[in-house]
Amino acid sequence: MTQTLSERARSGDRRALARLLTQVENRTAKGEEALRALYPHAGRAHIVGITGAPGSGKSTLVAALVSEARKPDAPGGPRPVAVIAVDPSSPITGGAILGDRVRMQIHASDRDVFIRSMASRGHGGGLAAATVAAAAVMDASGFPLILIETVGTGQSEVEVAAIADTTLVVQAPEMGDEVQAIKAGLLEVADIVVVNKSDRPGADRAAAQLRAMLTVGAQHDRAAAAAGRPLPKRPDVMLASAMTGAGVPGLLKALDTRNEARLAAAAHGSDAAALKRAEAQLSGILAERLRARLNDDTHRAATQQTLRRIATHELDPYTGADDLLSALSSPEQRKS
Amino acid sequence: MTDAPARPIKVLIAKPGLDGHDRGAKVLARGLRDEGFEVIYTGLRQSPEMIVSAALQEDVDVVGLSILSGAHMTLLPKITAGLREQGLDDILVTAGGIIPDDDIPALEQAGVARVFGPGTTIREVGDYIRANVHRHEE
Chain A
128 MTQTLSERAR SGDRRALARL LTQVENRTAK GEEALRALYP HAGRAHIVGI
178 TGAPGSGKST LVAALVSEAR KPDAPGGPRP VAVIAVDPSS PITGGAILGD
228 RVRMQIHASD RDVFIRSMAS RGHGGGLAAA TVAAAAVMDA SGFPLILIET
278 VGTGQSEVEV AAIADTTLVV QAPEMGDEVQ AIKAGLLEVA DIVVVNKSDR
328 PGADRAAAQL RAMLTVGAQH DRAAAAAGRP LPKRPDVMLA SAMTGAGVPG
378 LLKALDTRNE ARLAAAAHGS DAAALKRAEA QLSGILAERL RARLNDDTHR
428 AATQQTLRRI ATHELDPYTG ADDLLSALSS PEQRKS
Chain B
-2 MTDAPARPIK VLIAKPGLDG HDRGAKVLAR GLRDEGFEVI YTGLRQSPEM
48 IVSAALQEDV DVVGLSILSG AHMTLLPKIT AGLREQGLDD ILVTAGGIIP
98 DDDIPALEQA GVARVFGPGT TIREVGDYIR ANVHRHEE
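Here the protein sequences line up with chains A and B, keeping their order. According to our numbering, the stretch in the first sequence is residues 128 to 463, in order. According to our numbering, the stretch in the second sequence is residues -2 to 135, in order.
Just so you know, these hints were derived from the structure itself, not from any lab. These numbers come from a predicted model, not from an experiment. From the three backbone atoms N, C-alpha and C, an ideal C-beta is built for every residue, glycine too. Incorrect hints may have been included.
Some chain B residues flagged as far from chain A (calculated, every beta-carbon gap over 10 angstroms) [unchecked claim]:
#: 1; residue: Asp16
#: 2; residue: Ser66
#: 3; residue: Lys75
#: 4; residue: Asp86
#: 5; residue: Ile95
#: 6; residue: Ile101
#: 7; residue: Ala103
With the C-beta cut set under 8 angstroms, the calculated list includes, among others, these residues of chain B facing chain A [to be verified]:
#: 8; residue: Arg4
#: 9; residue: Ala26
#: 10; residue: Leu29
#: 11; residue: Arg30
#: 12; residue: Asp31
#: 13; residue: Glu32
#: 14; residue: Glu35
#: 15; residue: Ile37
#: 16; residue: Gly40
#: 17; residue: Glu55
Sample of chain A residues at the chain B side, in silico, Cβ under 10 angstroms [unchecked claim]:
#: 18; residue: Leu144
#: 19; residue: Ala145
#: 20; residue: Thr155
#: 21; residue: Ser217
#: 22; residue: Ile219
#: 23; residue: Thr220
#: 24; residue: Ile224
#: 25; residue: Ile233
#: 26; residue: Asp237
#: 27; residue: Phe241
#: 28; residue: Ile242
#: 29; residue: Arg243
#: 30; residue: Ser244
#: 31; residue: Met245
#: 32; residue: Ala246
Between the sequences and the hints, there should be enough to build the whole structure, so can you do that?
This is the structure:
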């Protein structure tokens, strides 16, 4: 083979892309190598996270957004779309049912739509450990829009907001009263809250309640800004029906508007989302590398010993961590 | 994690054609989940093209086809041919549902590795897959 998988994926070979995603997902050496090669070519796509409770209609909404982006008369022409759909792995057997494609199969025969399911494989936060790397591979393979659908989430799986440029939180009309809207967690990370199933009764009221609750506190914002404290996001609340398609064109337009604003800010050197994504990737990889070194041949015995001493309360975990870190950076280790 | 377990085998469970009976496919999907497989389920009424495309994008190791409509002699060879066309001939293809014994040799000829009849246990299917899957590494 003269061309590498990465080169083939970049030139539009979908099978090469699929195989590459497997390598990245399994976090093999080849996957890592491919990511090194592809990373400089990524950074162009708009990465949109879609999260919300199980059954709120995330998959159907993703499928509807894909339809909208693929319309022949879409502004700027139809564009390729990639989707990563994460579903949970069983903590007992490691198995998983990846069922998000059921709602998206209408796009299966469209060459410019690439849908990939991912099992969370024990990773918390509503994503898989390799999700951000998979998105980078899709980005480098020329997809300008990447939709990442999380595991059906509860109230605090907010990791997607750290890796997406724009985060949609999907709510169904009957998902609670005003108190739900002022709780900390998922709603706080939303750039856009979508009240889905707007064809159902109560949707307008739910949207009005969310709007009222999420937009209170303009005074608080001013005070926070003055004091240099972090400002809460003020998400737009939009109504949509993924089933009938109502509100979906407006939603895609809102996403595009946000992306334009992001790109304009990035041109001035301030892309907060990209920085956050960099941090999420780096800290994940650092933790992984550290774990690997602590368990390599040189350090495994000391690591095991430290674990046992912590388990028996002979040593506290902070001292144990400091000891291991200084062992890693001691001069005789550096030589090797 | 470096000490992560070997990656689970990925299985696509698909229902080609027009019959609306997906209880079997769902029970099997659930059972294979409990056997530790990652199961992608695509729902009812899938055309051969949709199934081939899903197998390609998901880079699955196995495609399990559930069919009760009687159209297996038309649809299953189309799927195996489609997979071959895409260079996906290393995928293990199995079938289940209502398929007369007389039809099995022709289906095997067409590239269906194994036809599971009524009464097959999930454990048998799981064991068969584990023993016969080709894990492609590229």
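Each hint, compared with the structure:
1. Asp16: Check passes; 16 angstroms lies beyond 10 angstroms.
2. Ser66: Given that every Cβ of chain A is farther than 10 angstroms from that of Ser66 (chain B), nearest at about 18 angstroms, it holds.
3. Lys75: Since the minimum Cβ distance to chain A is about 14 angstroms, Lys75 (chain B) lies beyond 10 angstroms and the statement holds.
4. Asp86: Consistent with the label, Asp86 (chain B) stays out of reach of chain A, its closest Cβ about 12 angstroms off (over 10 angstroms).
5. Ile95: holds (23 angstroms)
6. Ile101: holds (28 angstroms)
7. Ala103: holds (27 angstroms)
8. Arg4: OK, holds: Arg4 (chain B) within 8 angstroms of chain A, min 5 angstroms.
9. Ala26: With a closest approach of 6 angstroms, the Ala26 (chain B) hint holds.
10. Leu29: holds (7 angstroms)
11. Arg30: Nearest chain A Cβ about 4 angstroms off; hint holds.
12. Asp31: Nearest chain A Cβ about 6 angstroms off; hint holds.
13. Glu32: holds (6 angstroms)
14. Glu35: At 5 angstroms from the nearest chain A Cβ, Glu35 (chain B) passes the 8 angstroms test, so the hint holds.
15. Ile37: This hint holds: Ile37 (chain B) lies near chain A, its Cβ roughly 5 angstroms from the closest one there, short of 8 angstroms.
16. Gly40: holds (4 angstroms)
17. Glu55: The hint holds - Glu55 (chain B) has a Cβ within 8 angstroms of chain A, the shortest such distance being about 6 angstroms.
18. Leu144: The hint holds - Leu144 (chain A) has a Cβ within 10 angstroms of chain B, the shortest such distance being about 8 angstroms.
19. Ala145: Ala145 (chain A) check passes; min Cβ-Cβ to chain B is 4 angstroms, inside 10 angstroms.
20. Thr155: holds (8 angstroms)
21. Ser217: Nearest chain B Cβ about 6 angstroms off; hint holds.
22. Ile219: holds (8 angstroms)
23. Thr220: With a closest approach of 4 angstroms, the Thr220 (chain A) hint holds.
24. Ile224: This hint holds: Ile224 (chain A) lies near chain B, its Cβ roughly 5 angstroms from the closest one there, short of 10 angstroms.
25. Ile233: holds (9 angstroms)
26. Asp237: Result: holds, 9 angstroms to nearest chain B Cβ.
27. Phe241: holds (6 angstroms)
28. Ile242: holds (6 angstroms)
29. Arg243: holds (6 angstroms)
30. Ser244: holds (5 angstroms)
31. Met245: At 9 angstroms from the nearest chain B Cβ, Met245 (chain A) passes the 10 angstroms test, so the hint holds.
32. Ala246: At about 5 angstroms, which falls below the 10 angstroms cut-off, the nearest Cβ of chain B leaves the hint on Ala246 (chain A) intact, so it holds.
When held up to the earlier numbered hints, the structure conflicts with none and fits them all.
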